[in-house]
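Chemist: Residue numbers (our numbering), protein chains in the order written: chain A, 1 to 782; chain B, 1 to 286; chain C, 1 to 159.
Since the hints were made in silico from the structure, they are not lab data.
Don't take each hint at face value.
To be verified - So the derived label-pair ranges between C-beta atoms look like this:
id : chain 1 : residue 1 : chain 2 : residue 2 : range
1  : A       : Val-508   : B       : Glu-13    : 55 to 61 Å
2  : C       : Gly-84    : A       : Ser-694   : 40 to 46 Å
3  : C       : Glu-72    : A       : Gly-603   : 55 to 61 Å
4  : C       : Glu-81    : A       : Ser-109   : 34 to 40 Å
5  : C       : Glu-118   : A       : Ser-694   : 40 to 46 Å
6  : A       : Glu-386   : B       : Ala-152   : 52 to 58 Å
7  : B       : Ser-264   : C       : Arg-3     : 46 to 52 Å
8  : C       : Gly-55    : A       : Pro-616   : 58 to 64 Å
9  : A       : Leu-584   : C       : Gly-55    : 55 to 61 Å
Stated by the list, open to error - Computed footprint of chain C on chain A, listed as stretches where at least three residues anywhere in the stretch have a Cβ under 8 Å from a Cβ of chain C:
id : stretch
10 : 13-22
11 : 28-37
12 : 205-216
13 : 246-260
14 : 473-486
15 : 678-684
16 : 706-718
This structure is a prediction, so every number in the text was calculated from the model and none was measured.
Note that CB positions come from ideal geometry on N, CA and C, so glycine has one too.
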Amino acid sequence: MAKYRYIGKSVPRVDALAKVTGKAKYSTEEGIGFPGMLYGKVLYSPHARANIIRIDTSRAENRVGVKAVLTGKDVPEHRSGIFVHDRHILCREMVRFVGDAVALVLANSVEVAEEALKLIDVKYEVLPAIFDVEEAFKPDCPVVVHTELHHYRRPVHPYLGKDLPGPNVNTHHKVRKGDVEEGFRQSDIIVENRYQNARITHCQLEPYNCVCYPEDDGGVTLWTSGRVWHNAAAICAAFGLPPSKVRLRTVYVGGMFGIVDRPERFAVLGALKTGRPVKIVYTREECFMDGLNRLPKTIYIKDGIKKDGTLVAREMKLYINVGPYTNIAPETIRNGSYHASQYRISHFKWDAYGVYTNEIPCGPLRGFGSAEVLWATEQQMDILAEKVGMDPLEFRMKNTPDEGETSVRGEVIHSIGAKEALRKVSDWMAQQEPARPSMGSVKIGRGMALANKYTKVDTASTAMVKVHMDGTLEARHGATECGQGCNTIFTQMVAEEFSVPLEKVKLVWGDTAVTSYDFDSAASRSTMYVGNALVLACRDAKRQIFDLAAPKLGTTPDKLSIEEGRIFIKDAPEKALRIADLFLAALPEARGTVKQALCLEEGAEILGKATFWGHPGVEDPETGLGERLTLSFCYGAQAVEVAVDVETGWVKVLKCASAFDCGRPINPKLVEGQMEGGAVMGIGSGLYEGFIFSDQGELLNPNFHDYRVCSAMEVPSGKNMASFIVEAPHREGPFGAKGMGEAAMNATAPAIANAIYNATGARLTKIPMTPESVLRAIQGRK
Amino acid sequence: MRFEYLEPKTVEEAISLLEKYDGKASVIAGGTDLMLQMRDGKISPEFVVDIGGIEGLDYIHYDERQGLTIGALTPIRSLEKSSVLQQRLPILSQAAGQLGSVAIRNVGTVGGNLCNAAPSAETAPSLIALEGNARIAGPRGERKVPLEDFFAGPGTTTLGPGELLVEIQVPLPAPNTQGVYLKHGMRGTIDLAVVGVAVVIAFDADGLTCGDVKIALGAVAPTPIRVRSAENILRGKNLDEGLINRTAKTAVGETRCISDVRASAEYRREMVEVFTRRALKGLMDR
Amino acid sequence: MKRLIELKVNGVVERVYTEPWWSLGRVLREQLGFTGTKISCETGNCGACTVLMDGRAVRSCIYLAMKARGKEILTIEGLREKDGKLHPLQEAFIEHFAVQCGYCTSGMIMGAKALLDENPSPTEEDVKEGLRGNLCRCTGYTKIIEAVLAAGSKIEGRG
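Just need the whole structure built from these sequences, with the hints factored in.
Modeler: Now the structure itself:
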């Protein structure tokens, strides 16, 4: 392994000081006290499905302090969306879920805006709604969520499928590998099951919020609590604005986990219509209702294995309740297929259907479709292992592929630490003394699961590195620092590349007008994509430095090197220049003036630039197979020990070990932080979190009382929380690194389910595993 | 949320304001419940009467003859931390310590917890099981009402116009009295109770025979309730497993559980049995 | 109608206009510029808005500013010593990687300060119990608890 100065070192986070002193700025702070600021509040539909007969806004408009009340007639006529263009900014003719946006009030205070909402009179014609995904899937479903769907804009895309089987089906993603029927014939044992998961939501602590300033050219500057580049694209599409007129800004984001633009489009609408700046901060209830949560999946799975434990065939059919608008659902639906086929399987068949219903719409959430599928497949693995009398670890090891093998999808596997991860968590758990039950009704059990998450191809990131006269390297990147620590590892990478102290690196980010393009801070991609772009931009900057320095040193650029801001001839290190020597500034300085010319004689400045594009391969739309469908995979395993109270169904996770391969870790403590945070989010999603709806589709628990995320109490004690980094350097990663933030929560829930089974013999097929459902499963077994 | 803010300095002043603005005013003590209700639009009082500035309502007095008195403005955290309660009536500190988080307990008051009248009110079952009384001041003087009769339904009390809860009184427990409060939340204590069980038993001099028995339950009926038929089974008997199981089963019969986002009625009933049994076993094995 | 009130924040008396229904958190952030205090759930559940009042942790999002008159309020901005030296909790949060997105951090540190002031040598269970009302969605708490325990020992060692 190469000797690095910063790579692989747990240097402190570059943003930690700002964050522990309360100085770190979030978009919630933007625009406070700004003169002329308007505050926006949205009126939401109380019905799951209804025609809007008329809206009377006159009383609200007459309220003192109200600047405008906007409705569907004020929004762009076209619908927009990432895949299927199926959503207006405000509903025009119909509402499709409890919480659909009907009107927007802009007022000079939050209080007035809230009061004005109550003065808007909407007459609805309430219509029957559909919530059950399998009912909605049927070709003859009496409720059609989008009757005009065939007229909507819809890109031709392998994820979306064609010849959709029902009027509410918007996506059909399929994978065909081998012949599953033949596979089942060859199998000795076949296990079929149905699994379900719930809608969960991000619960990032910073509520969705934004401030939009209208600009003179008809464009906008928008401060967002989300991702700048992703949201810029969404705003451009929604309003038909060119990218040159939409500037997105943010400094720090108070948690992401996949959140996308929500209040942003309302603020832009308000600012464009009124010509005034608009601030919108969602309440926590709105964050739940309009936050685009995780897609719930109903999963049918059939597995065939041989007596010796070889996994032969797997057939899966999934119905995904996307709610009334698709957002990023088609891609999320497709993602699951990679995780369902993480083992060696000769025959694999996958059909995943995205189905419209009148439940709350969904979006991306940490893992984008992976954890939902692993919930089913990783329980299947335990069930299958038991059928052939194998240990769950042994069974997984037998079916886990190795480096260089071809995956189910046709890719050559590279950088896979799956087996080592499995071994690490199992070994650790085996060394631990099992907990002693605190009372007679408590049973202790252990379980494990394997998980993966891929980073996609066919996206690009760019970066720029400006070299200041004092040797400071100003790295401009388009990623969003949402706590994952990207700014820290980018600092490490740039310092490493230039061989300078960390303090010599300065980051500029979070502004689409200043930084260059980045596809998105999503899909665990920033480490590889933006990291690579930064490294390449550093090299471009060095090339420029050497070009400038070579004539001054009487040599050629290829003979030069740079360290600590000192440019020197490799074979004659005493011949050197300072970076400042390349600048014109040296001249007036020599003449004793105060003003300096901080520029080059020609070409203005040293500015390294680079693009990193993850070149795609071809994906066969009929089989879903291809040689290069992904850029990298992070594999990992988790093992847990749980206590189950068989009289109450109460489950507590007592021990949790995680091991993930992240290529080469840039900052091990940050990787550990992702593992711990992921595991705890995984515990929450497994045991506590889930939307609860009334039979009319109203969300009943949009708050932290009744939607329960883990508190410190639900987390195993420090000594019982183990994290292991598996090194599996990736040839395309910067310094061998790859992303791992999402995978970290993917194995937890099925590991817990397997542990509950181990403790009680009861199998849970529905998530979350509430005390009541655990108790019923235990009682059902008797 | 908009209101006029009134800050009486005395109980009398508060009473006259509440009488004057009857139906339009809400009392705020710590505000940990009221602020949420106003924010959600569940209530929109025109006047908020902040009694926090009234001197002399924040105390815990324990007297070997008079028993225990607690001022209505005493923070929940004080109950939890009170050394005299921890020694004399630990069930109360135990219950107080299970309410929400430290920061909520610092601000929320015992009077507020009771007047908010949530069926799951954390302090109610133990105070009822200890046969606590509410001392209420009103336009026509003071009155005393057993806490068991203080609640009228979810979110409502039997306080009349202009009346204010000023003190909770708990009679001196008989010697050999033991109590326990158990709560079942979905994650643990941070959640609102799905079931709360308080059991207080005054054992006879032998330390084995149950004398007076009180069992009070939270979150299983429109108000916190006593389950007398269950109590009666134990009176005069020595605790044993069979008796405990019968008592726990009987307790279920007196509940009126509902299904909500936290749990189904059926699950609540099962948990009443489990936790009543566990509370009693705890006292048997003490 | 707005009322002029006096609040003592981080040792300094501030005069400020407030509507009677405004929360302490809102006044601290929007009127006085102490934006280190974060507002997240507005139901007292998450703890991001935690400040100290007369040394005790309170939820500033559901606490009326009117009720804070005459009390000593401490926010994250007031935690550093006069000479700019970080509080041991701040140091420990940096050292132990107890910070990720940072939105819970101010409230978490203030909650932890109240905890350590009351009990300078807490056990791991004490810390969990004391901070159970402060939610963090990023870190999984492990490093936060580690940091609080380390800060406790550091303070004890000095004291």
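Chemist: The structure should be examined with respect to each hint, and the outcome stated for every one.
Modeler: Consistency of the hints with the structure:
Between Val-508(A) and Glu-13(B) the beta carbon distance is about 59 Å. The supplied range of 55 to 61 Å therefore holds. Between Gly-84(C) and Ser-694(A) the beta carbons are some 54 Å apart, a value that contradicts the proposed interval 40 to 46 Å. At about 58 Å, the beta-carbon gap between Glu-72(C) and Gly-603(A) stays in the expected band of 55 to 61 Å. The supplied range of 34 to 40 Å is met by Glu-81(C) and Ser-109(A), whose beta-carbon atoms lie about 38 Å from each other.
Between Glu-118(C) and Ser-694(A) the beta carbons are some 43 Å apart, a value that agrees with the proposed interval 40 to 46 Å. The hinted window of 52 to 58 Å between Glu-386(A) and Ala-152(B) holds, with their beta carbons roughly 55 Å apart. In this structure the supplied range 46 to 52 Å holds for Ser-264(B) paired with Arg-3(C), their Cβ-Cβ distance being about 48 Å. Between Gly-55(C) and Pro-616(A) the beta carbon distance is about 59 Å. The supplied range of 58 to 64 Å therefore holds.
The beta-carbon spacing between Leu-584(A) and Gly-55(C), approximately 59 Å, falls within the hinted interval of 55 to 61 Å. Note: the stretch 13-22 of chain A has 9 residues with beta-carbon separation from chain C under 8 Å; the three-residue rule is met and the coverage holds. Counting residues of the stretch 28-37 of chain A whose beta-carbon sits less than 8 Å from any beta-carbon of chain C gives 4, enough to reach three: the coverage restraint holds. Closer than 8 Å: that is the beta-carbon criterion, and the stretch 205-216 of chain A has 3 residues meeting it against chain C, so the requirement of 3 holds.
Counting residues of the stretch 246-260 of chain A whose C-beta lies closer than 8 Å to any C-beta of chain C gives 6; at least three are required, and the coverage claim holds. For the stretch 473-486 of chain A, the stated coverage by chain C holds: 4 residues have a C-beta nearer than 8 Å to a C-beta of that chain, and at least 3 were required. Check on the stretch 678-684 of chain A: 4 of its residues sit with their Cβ under 8 Å from a Cβ of chain C, so the three-residue criterion for coverage holds. For the stretch 706-718 of chain A, the assignment as covered by chain C holds, since 8 residues bring a beta-carbon within under 8 Å of that chain's beta-carbons and 3 suffice.
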